[in-house]
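> Listed in order, the protein sequences are those of chains A and B.
Using numbering that gives the first Met the number 0, count along the first sequence one by one with no gaps and you end on 147.
Using numbering that gives the first Met the number 0, count along the second sequence one by one with no gaps and you end on 252.
Hints in this document: simulated from the structure, not taken from any laboratory.
All residues carry an ideal CB built from backbone N, CA and C; glycine is no exception.
Some hints here could point you the wrong way.
Claimed, not checked - Reference excerpt, derived from the structure (chain A facing chain B, CB under 7 Å, subset only):
(1) Q110
(2) T112
(3) Q116
(4) R118
(5) I120
(6) A123
(7) E127
(8) R129
Claimed, not checked - From chain B, some residues computed to sit far from chain A (all C-beta separations above 12 Å):
(9) L32
(10) T61
(11) S99
(12) R103
(13) W142
(14) F153
(15) T156
(16) Q161
(17) K179
(18) S182
(19) R200
(20) E201
(21) F229
(22) F230
(23) I231
(24) K233
One-letter residues, chain by chain:
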Amino acid sequence: MRAALMPLAAQADHVSLTSQTRIIAAALAIVFMLWILDLIRRDRLQERYSVIWFVAGLAMLAGAAFPGLLKLVADLMGVRDTNVALFSIVLLLLLGLALNFSVIMSRQAAQITRLAQERAIERAREQEAREALEKQLNGDAASKPTRD
Amino acid sequence: MEQSPPLRTLVFIPAWNEEASVDAVIADVRAHLPEADILVVDDGSTDTTTARAQAAGVIVATLPFNQGLGAALQTGYLWGLRQGYDFCAHLDADGQHPASEVARLLTEVREDRADLVIGSRYAAQAEPLPGAEPEGEDYKATWSRRIGINVFRFILTLATRQRFTDTTSGMRAANRRVMKLFSENYSPDFAEIESLQLAVREGLRVEEVPVRMLERTGGTSFLTPLRSAFFIFKGLIVILVGLFKPRRAEAER
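Isolated chain B (complex conformation) (with noise of 0.2 Å):
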């Protein structure tokens, strides 16, 4: 291998008000990804969210206001994207996400094996996972969850005619290329989903590698089942519209 400047990473956690588990988080990333540098990306919480994760030594982007999930995201591709950073990786600040499964993501853009890597609680596992913490337990859905994911894995293989097992994970690694696409295009609104659509009609390799997840430590899931028709209701459309996006001049490609 030639000598060039070292690869650069970034591990970014949208949060918000999620000042009980961002210490933890941030240190799981620290111990499990030492060469990454963390950002913070505080989406206008109204608690000590910023404040929490400034003292424990990372940098912070507070946005102004809630602009909900999709919004922290592309700020998060933005901000590795303007820092020149070579790879990205994001999890969930509320604890769900284990920082040693992260680090198999990131393997995975890093030796180029794809652009795009999800993290899927419910593809199949092939091996045991190495590193896997032993504390709490495995993910569990609740029905009304698993109606919206299965619906969303029926609708999201056949627009993209590649097999995803779980389009609303929210830990995920990618490469510069991803980095340009989500800083530019980014649906606040429908973000998992969209994201993952607009990677395969740009042409980039995505994949999904299975990992661990954890059960929420704190708060409930938003998703009550009259919510999660509407949630399914709306994704089918931006999915139905997202197959009939123009598709964009394959620059940089």
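If we strip away everything but chain A, and leave its shape as in the complex, we get (with noise of 0.2 Å):
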């Protein structure tokens, strides 16, 4: 059983990236990466978040340039497909920067609070300036006719 099993091994050792799949990857980055450079000239994309998103977009270009680099890695991690590797590597990516977006979200939704809070506290201070200038006004018109 075990040595029947050693040669489908053997074969799952190789980069199993044909040449096809490398130019469509490395395309797929570059279209990527314009495609962030656009959004963020167009001001759709604040720098500070697309950071990260452009060096997953050099990652991509990277990996599908030297498969090398992607079998480096996978026998770092002890994998052996390189496929299990690749997926695991962008998994992993994608779970950080969902974290990542929850974040800023919170951080995001406790600003707006505050914000909304400021303005409600802002609308009292508004209605107790008015009724006491009301209050001043109808209290001189009431004097007015007395004095006269």
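Can you join these two chains into the complex? Each is in its own frame, and there are hints to help.
So, in structure tokens, the structure goes:
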């Protein structure tokens, strides 16, 4: 049984990227990075949130250009199949990004809440000032006839 | 006692689409706490809550959109702090909380027996309550609610090493120390429970006072069994995480 599995394992040792996949991956990476640049240019994406995406695009390009890199990473991870290594890396990256966005969202939610509260307090102050003024004006109007 | 400027009290009422009951609650507070200023915090209502409260002659802080009870309560604490009130209290706008009971909570903080006082529906009542509203039934909890209440009671008691019976009560009274803490730090998601834990952790004196509450006049409770389960789960996480939060520098003490 074990002997029968050995050739299969040896096959999986090769980096399973054909030149066709590499070209498609490289093209996608370039389009992706151009897209990000365009988003920044049109003020649709802030620079501080673009860095991580740009790094991801570069990594994709590097992976397509030098398949050996992927093999190296897979070996470092102790994974025999480079595809598994690739998928787990991408998955972890996306997980990290999603968490990062939740953190950013939480911060912004807190900021929005505080902004709403400040606005509510401003409105209350406005009402207080307006009522004080009205009272004063009414008081003047009421006291005038008695003076005449 | 030395001569000093009179101590000022704020009563604030968080309200979200409570046009049917807000008038009555304001009138009730005026009747039982004539010395207190009233603020209604309108949590982005889509009905006429703000207009009705303004017509009743109270100041209204209107949040531009619905932000949840925690954010509304924090707005009240923030107003109390900024306007220089010495004591504050809050009660629900749906008519469940008699203002006469709020007055009893305020007495506790005014006489400096506690920094934060919680009105509890379930605490053992040692004495017959003076001035409780004769009309309406006493508060009765549904079974799903009762499970949630017991779980929180247990966990919060473990976490704070202080016995709490009514962890989600929205009837509270506080002094300036609490206003300062809550206006800076108040969880929007789990206001009632986390704030209790926070106050105890910060070394404030938190006390429960038995109160009478009335059956809600309109609307239904939002808790279905499934929601209760989710509510409990979320609460557990909040309390657990709260245990590991860094303690703030104990300024002001």
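> With reference to the structure, classify each hint as holding or not holding.
Hints versus structure:
1. Q110: At 12 Å from the nearest chain B Cβ, Q110(A) fails the 7 Å test, so the hint is violated.
2. T112: Hint holds; T112(A) Cβ to chain B Cβ min 5 Å, cut 7 Å.
3. Q116: holds (5 Å)
4. R118: holds (6 Å)
5. I120: holds (6 Å)
6. A123: holds (4 Å)
7. E127: With Cβ-Cβ at 6 Å, under 7 Å, it holds.
8. R129: R129(A) check fails; min Cβ-Cβ to chain B is 10 Å, beyond 7 Å.
9. L32: Given a closest Cβ separation of 19 Å, the condition holds.
10. T61: violated (5 Å)
11. S99: Non-interface label on S99(B) holds, nearest chain A Cβ at 26 Å vs cutoff 12 Å.
12. R103: Nearest chain A Cβ is 27 Å from R103(B), so the label holds.
13. W142: holds (34 Å)
14. F153: holds (29 Å)
15. T156: Per Cβ check, T156(B) is outside 12 Å of chain A; nearest 29 Å; holds.
16. Q161: Given a closest Cβ separation of 28 Å, the condition holds.
17. K179: The assertion about K179(B) holds, with a minimum of 15 Å to chain A.
18. S182: violated (9 Å)
19. R200: holds (20 Å)
20. E201: Label holds. Min Cβ-Cβ 20 Å, cutoff 12 Å.
21. F229: holds (18 Å)
22. F230: Label holds. Min Cβ-Cβ 20 Å, cutoff 12 Å.
23. I231: holds (22 Å)
24. K233: Holds, since 15 Å exceeds 12 Å.
Taken one by one, the earlier hints fail for this structure at numbers 1, 8, 10, 18, listed in ascending order.
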